[in-house]
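Peer 1: Sequence:
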Amino acid sequence: MPILDIDQIMFYKENLDLNEINVKVLGLSKKVACLYADKEKMNVFLAKNHFLVPKSFSLENIKDNEIYFIKPKKGYGSIGADIKLGADIKKINDICNFLIQEICSGPEYTVECFRYQKFISCITRERIQAKSGVCVKAKVCHMDEIEKMVKKIAQIIPECPMFFNVQFMKNRENRFVITDINLRLAGGMSISKTAGWDEASAIAHVLLGSDLDKIESCFGFSHKECFVMRAYCDYITECN
1 MPILDIDQIM
11 FYKENLDLNE
21 INVKVLGLSK
31 KVACLYADKE
41 KMNVFLAKNH
51 FLVPKSFSLE
61 NIKDNEIYFI
71 KPKKGYGSIG
81 ADIKLGADIK
91 KINDICNFLI
101 QEICSGPEYT
111 VECFRYQKFI
121 SCITRERIQA
131 KSGVCVKAKV
141 CHMDEIEKMV
151 KKIAQIIPEC
161 PMFFNVQFMK
171 NRENRFVITD
181 INLRLAGGMS
191 ISKTAGWDEA
201 SAIAHVLLGS
211 DLDKIESCFG
221 FSHKECFVMR
231 AYCDYITECN
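With the first letter of the sequence shown counted as 1, position 47 gets the number 47 in UniProt numbering; the numbers rise by one all the way through.
Do not rely on the hints blindly, as some may be mistaken.
[What the hints assert, rightly or not] List time: in silico SDA-like cross-link candidates among lysine to any residue, alpha-carbon distance up to 25 Å:
(1) Lys55 to Met42
(2) Lys139 to Phe57
(3) Lys131 to Lys170
(4) Lys84 to Asn49
(5) Lys24 to Ala200
(6) Lys39 to Gly86
[Said to hold, decoys possible] Distance ranges between label pairs, derived from CB positions:
(7) Cys96 to Ile128: 31 to 37 Å
(8) Arg172 to Asn22: 47 to 53 Å
(9) Ile128 to Cys34: 30 to 36 Å
(10) Leu212 to Glu60: 51 to 57 Å
(11) Asn65 to Arg175: 42 to 48 Å
(12) Asp82 to Ser217: 41 to 47 Å
(13) Glu60 to Glu225: 26 to 32 Å
(14) Asp38 to Asn174: 25 to 31 Å
Note that these hints are calculated values from the structure, not bench results.
Model, not experiment: these values are computed from the prediction.
All C-beta atoms in this analysis are idealised placements derived from N, C-alpha and C, irrespective of residue type, glycine included.
Please put together the full structure from these sequences, using the hints given.
Peer 2: Okay, structure coming up:
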């Protein structure tokens with residue numbers, strides 16, 4: 001089960017080395033992994049399918065005194081992402097490897113999606129606090145507007161995986177745009193599990209061959225909304 005984006009490229013479904021030792025891969029096909037690895041290609045794919053994405057700019061069209069959001073075309077999470085003046089962007093030597101986009105406004109929402117056979121379920125996390133790009137404090141709820149978009153995405157992505165997540169913010173027209181798609185488990189998935197939306201157990205039931213009712217029972221989020229905070233503890237494992 002690939003967790004990091006780089007794992008998707010290495011451990012794709014057709015990997016002969018894995019097939020020879022009978023490893024079941026829950027990742028992507030090589031074709032989809034290549035599409036997913038390039039954020040520019042993914043944005044073009046989404047736009048062609050009538051989903052809104054942040055407005056992008058070519059280097060020639062940006063203005064020196066305006067600010068823009070930049071992120072690597074082949075990146076992971078928020079690593080390498082930044083907000084810069086147009087004049088400073090023009091000084092970046094490898095800017096051809098970055099997307100230049102409009103500034104979107106928060107809050108940022110992550111919609112997690114699980115799909116198996118005809119069953120599909122989503123949950124929304126409003127990001128309140130993040131550390132190293134991973135959500136550590138969130139409001140968990142349902143937001144029909146963006147969850148409907150994610151369910152449509154599940155239908156159009158070729159060979160869509162069992163689990164994925166989509167991130168949203170609002171553009172200058174105050175409309176939701178898709179800022180990122182991760183065709184893997186979300187880094188903050190334990191927050192949703194704590195709130196009652198248990199994707200991990202559902203995946204385990206699929207692998208164990210459980211019936212659909214048991215899989216569906218893992219998604220018992222019954223609140224209008226709830227707030228979850230992730231905390232870390234230190235434990236003594238041995239003491240002399």
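Peer 1: Give a verdict on every hint.
Peer 2: Here's how the hints hold up against the structure:
1. As the CA atoms of Lys55 and Met42 are separated by approximately 14 Å, the hinted pair is consistent with the 25 Å bound.
2. Between Lys139 and Phe57 the CA atoms are separated by roughly 33 Å; this puts the pair beyond 25 Å, and the hint is violated.
3. Pair hint Lys131 plus Lys170 holds up; C-alpha atoms about 22 Å apart against a cutoff of 25 Å.
4. Between Lys84 and Asn49 the alpha-carbon distance is near 30 Å, which puts this suggested pair outside the 25 Å criterion.
5. Taken as a hint, the Lys24 and Ala200 pair is honoured in the structure, with Cα atoms around 16 Å apart against an allowance of 25 Å.
6. A C-alpha spacing of about 21 Å is found between Lys39 and Gly86, which places the hinted pair at or below 25 Å, so the restraint holds.
7. The beta-carbon spacing between Cys96 and Ile128, approximately 35 Å, falls within the hinted interval of 31 to 37 Å.
8. Taking the beta carbon of each, Arg172 and Asn22 are about 51 Å apart, inside 47 to 53 Å as hinted.
9. Checking the proposed 30 to 36 Å range against Ile128 and Cys34 shows it holds: the Cβ atoms sit about 34 Å from each other.
10. Taking 51 to 57 Å as the suggested C-beta distance range, the pair Leu212 and Glu60 conforms, at roughly 53 Å.
11. For Asn65 and Arg175, the Cβ-Cβ distance of about 26 Å falls outside the hinted range of 42 to 48 Å, so the restraint is violated.
12. Between Asp82 and Ser217 the beta carbons are some 43 Å apart, a value that agrees with the proposed interval 41 to 47 Å.
13. Under the hint 26 to 32 Å, the C-beta atoms of Glu60 and Glu225, about 45 Å apart, miss the expected range.
14. At roughly 29 Å, the beta-carbon separation of Asp38 and Asn174 lies within the given 25 to 31 Å, and the hint holds.
Violated hints, listed in ascending order, are 2, 4, 11 and 13; each of the other numbered hints is respected by the structure.
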